[in-house]
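Construct all of the structure, not just a fragment, from the sequences and the given hints.
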Amino acid sequence: MPLTDLANPSRFLAFVDAVLPWLAAATLLAFALGIGQVYLSPDDYQQGATVKIMFLHVPAAWLGLFAWVLMSVAALGTLVWRHPVADVAAKAAAPIGAAFTLMCLLTGSLWGRPMWGTYWVWDARLTSVLVLFLMYLGVIALWRTIEDPTRAARIVAVLTLVGAINIPIIKFSVDWWNTLHQPASVLRLGGSTIHPTILVPLLIMIAAFTLLFLTLHLAAMRNEILRRRLRTMLLMHADAAAGA
Amino acid sequence: MTALAAILMRDMRLAVRVGGGALIGVLFFLIVVTLVPFAIGPDLVLLARIGPAILWLGALLATLLALDRLIAMDQEDGSLDLILMAPVPLELALAAKALAHWLSTGLPLVVAAPLLGLLLNLDPAATGAVALTLAAGTPALTFIGLIGAALTVALRRGGLLLAILVLPLTIPVLIFGVAAANAAIVGPVPFGTPFTILCALTLISIVIGPFAAAVALRQGLD
Chain G
162 MPLTDLANPS RFLAFVDAVL PWLAAATLLA FALGIGQVYL SPDDYQQGAT
212 VKIMFLHVPA AWLGLFAWVL MSVAALGTLV WRHPVADVAA KAAAPIGAAF
262 TLMCLLTGSL WGRPMWGTYW VWDARLTSVL VLFLMYLGVI ALWRTIEDPT
312 RAARIVAVLT LVGAINIPII KFSVDWWNTL HQPASVLRLG GSTIHPTILV
362 PLLIMIAAFT LLFLTLHLAA MRNEILRRRL RTMLLMHADA AAGA
Chain Y
61 MTALAAILMR DMRLAVRVGG GALIGVLFFL IVVTLVPFAI GPDLVLLARI
111 GPAILWLGAL LATLLALDRL IAMDQEDGSL DLILMAPVPL ELALAAKALA
161 HWLSTGLPLV VAAPLLGLLL NLDPAATGAV ALTLAAGTPA LTFIGLIGAA
211 LTVALRRGGL LLAILVLPLT IPVLIFGVAA ANAAIVGPVP FGTPFTILCA
261 LTLISIVIGP FAAAVALRQG LD
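For the record, the sequence lines run as chains G and Y.
When you line the first sequence up against the numbering used here, it's residues 162 to 405, in that order.
When you line the second sequence up against the numbering used here, it's residues 61 to 282, in that order.
These aren't lab readings, by the way, just hints derived from the structure by calculation.
Keep in mind it's a predicted model, so treat the numbers as computed, not measured.
There's no promise every hint is true.
Across the chosen pairs, the derived CB separations fall in these ranges [stated by the list, open to error]:
{"hint": "1", "chain 1": "Y", "residue 1": "Val148", "chain 2": "G", "residue 2": "Gly404", "range": "38 to 48 Å"}
{"hint": "2", "chain 1": "Y", "residue 1": "Glu136", "chain 2": "G", "residue 2": "Ala399", "range": "27 to 37 Å"}
{"hint": "3", "chain 1": "Y", "residue 1": "Ala63", "chain 2": "G", "residue 2": "Ala179", "range": "51 to 61 Å"}
Here are the computed lysine to any residue pairs in the SDA-like style, where the Cα-Cα straight-line distance is at most 20 Å [unchecked claim]:
{"hint": "4", "chain 1": "G", "residue 1": "Lys332", "chain 2": "Y", "residue 2": "Thr253"}
{"hint": "5", "chain 1": "G", "residue 1": "Lys213", "chain 2": "G", "residue 2": "Leu263"}
{"hint": "6", "chain 1": "G", "residue 1": "Lys332", "chain 2": "G", "residue 2": "Ala285"}
{"hint": "7", "chain 1": "G", "residue 1": "Lys213", "chain 2": "G", "residue 2": "Trp223"}
{"hint": "8", "chain 1": "G", "residue 1": "Lys213", "chain 2": "G", "residue 2": "Phe192"}
{"hint": "9", "chain 1": "G", "residue 1": "Lys332", "chain 2": "Y", "residue 2": "Thr256"}
{"hint": "10", "chain 1": "G", "residue 1": "Lys332", "chain 2": "Y", "residue 2": "Met72"}
{"hint": "11", "chain 1": "G", "residue 1": "Lys332", "chain 2": "G", "residue 2": "Val230"}
{"hint": "12", "chain 1": "G", "residue 1": "Lys332", "chain 2": "Y", "residue 2": "Ile264"}
{"hint": "13", "chain 1": "G", "residue 1": "Lys213", "chain 2": "G", "residue 2": "Leu360"}
{"hint": "14", "chain 1": "G", "residue 1": "Lys213", "chain 2": "G", "residue 2": "Met276"}
{"hint": "15", "chain 1": "G", "residue 1": "Lys332", "chain 2": "Y", "residue 2": "Ile224"}
{"hint": "16", "chain 1": "G", "residue 1": "Lys332", "chain 2": "Y", "residue 2": "Pro102"}
{"hint": "17", "chain 1": "G", "residue 1": "Lys332", "chain 2": "Y", "residue 2": "Ala260"}
{"hint": "18", "chain 1": "G", "residue 1": "Lys332", "chain 2": "Y", "residue 2": "Ile268"}
{"hint": "19", "chain 1": "G", "residue 1": "Lys213", "chain 2": "G", "residue 2": "Val230"}
{"hint": "20", "chain 1": "G", "residue 1": "Lys332", "chain 2": "Y", "residue 2": "Leu263"}
{"hint": "21", "chain 1": "G", "residue 1": "Lys213", "chain 2": "G", "residue 2": "Gly278"}
{"hint": "22", "chain 1": "G", "residue 1": "Lys213", "chain 2": "G", "residue 2": "Phe294"}
{"hint": "23", "chain 1": "G", "residue 1": "Lys332", "chain 2": "G", "residue 2": "Leu291"}
{"hint": "24", "chain 1": "G", "residue 1": "Lys332", "chain 2": "G", "residue 2": "Leu226"}
Backbone N, C-alpha and C define an ideal beta-carbon position, used for all residues, glycine too.
The structure is reproduced here in structure tokens:
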């Protein structure tokens, strides 16, 4: 099915209804497999069992970034093609992205307490994720302030794209400002530095969380489309009542 | 060109004549800086150490102050419609408005910074460094703020939301502004490195700001 077909909200709803149960099942399966693998994975010789927090922390960080990328692509769809489902995709992704970013912050600080001796340090990565979280909240606030959904979509799309340009700049500036977090270790030139007994469960957990994100996102998009239909029906009803 | 000059002159006149816009910003800047010693104590050594940071924060907040009126005022009196319909590209018109805003609020802050530096026990070299970084960095704040002003123009109460949207985007400017000022005062990084990046950030904002603001206005007002 080409992407243009999905621009029709009714076809999109039919598509969601067909896909969602399978996606939810795949998510459950991936989590079952992932959590089992995490349970079997060895403790770190220095960090002990706290290393397991990473299996939540890393996927959350990945999805926090992924949701903004998805919102930016959707923003292009809104501004360039006026794709109606793109508006919905962007709006549905914002709270989920914010939630994962918050989860990344919370699991990070729970890990930081025993490891670094403090819940929070003004380290570069923590700070950039905090800024990302604040920007998500700004986007959500802007969505809520503008009543007309299509106009809100276009204005938020501009903010999302400005954010997409600025997030790397903020990241770079904050890195320059202060750094303590360990450098990238999963994806880097010369191969991963993580031992396979940890890396395999981590990758499964990342896949499981990504599936969870897609499930939640599609469900949220469906709800948003239904909410908009309800809004239109209410407006028409009010119009009819006023006209009569 | 004459149209842009007319927009520039009009905004400057409005800023100077209506409610003393430029002076209000400087006054706010002065009050923020005055409050800091009350909060942290009259320790001159400490004040000298954090002086550049205080001046930068004050300038950042003072720049925000007038931003919500930057475009909203034109929308209320209808001149925004004229600007939208004018043959002049909207991007350039908005750039002219932002320039006028900077000249009437940013530049006075730069001029006032050395005086406030005295209050914070900054030595002349440090004061000069802070003023120079403010001169290079405050245009970035205005042009980033222009985006926020365009995004929130149609909202009934955009002022606070504007600050929430704009402040995270100004973090890099703040980081490199303070870093450049500190580099000039205590080192060890050479002044040129952060200062060049600060100038680059300003140039990027001048390019991105008017375009993003123009898109937001065209998309948002219909």
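Against the structure, the hints come out as follows:
no.	hint	result
1	Y/Val148 <-> G/Gly404: 38 to 48 Å	43 Å, holds
2	Y/Glu136 <-> G/Ala399: 27 to 37 Å	28 Å, holds
3	Y/Ala63 <-> G/Ala179: 51 to 61 Å	56 Å, holds
4	G/Lys332 <-> Y/Thr253	17 Å, holds
5	G/Lys213 <-> G/Leu263	18 Å, holds
6	G/Lys332 <-> G/Ala285	8 Å, holds
7	G/Lys213 <-> G/Trp223	16 Å, holds
8	G/Lys213 <-> G/Phe192	15 Å, holds
9	G/Lys332 <-> Y/Thr256	18 Å, holds
10	G/Lys332 <-> Y/Met72	36 Å, violated
11	G/Lys332 <-> G/Val230	15 Å, holds
12	G/Lys332 <-> Y/Ile264	16 Å, holds
13	G/Lys213 <-> G/Leu360	12 Å, holds
14	G/Lys213 <-> G/Met276	13 Å, holds
15	G/Lys332 <-> Y/Ile224	19 Å, holds
16	G/Lys332 <-> Y/Pro102	35 Å, violated
17	G/Lys332 <-> Y/Ala260	16 Å, holds
18	G/Lys332 <-> Y/Ile268	18 Å, holds
19	G/Lys213 <-> G/Val230	27 Å, violated
20	G/Lys332 <-> Y/Leu263	18 Å, holds
21	G/Lys213 <-> G/Gly278	18 Å, holds
22	G/Lys213 <-> G/Phe294	23 Å, violated
23	G/Lys332 <-> G/Leu291	11 Å, holds
24	G/Lys332 <-> G/Leu226	12 Å, holds
Violated hints, listed in ascending order, are 10, 16, 19 and 22; each of the other numbered hints is respected by the structure.
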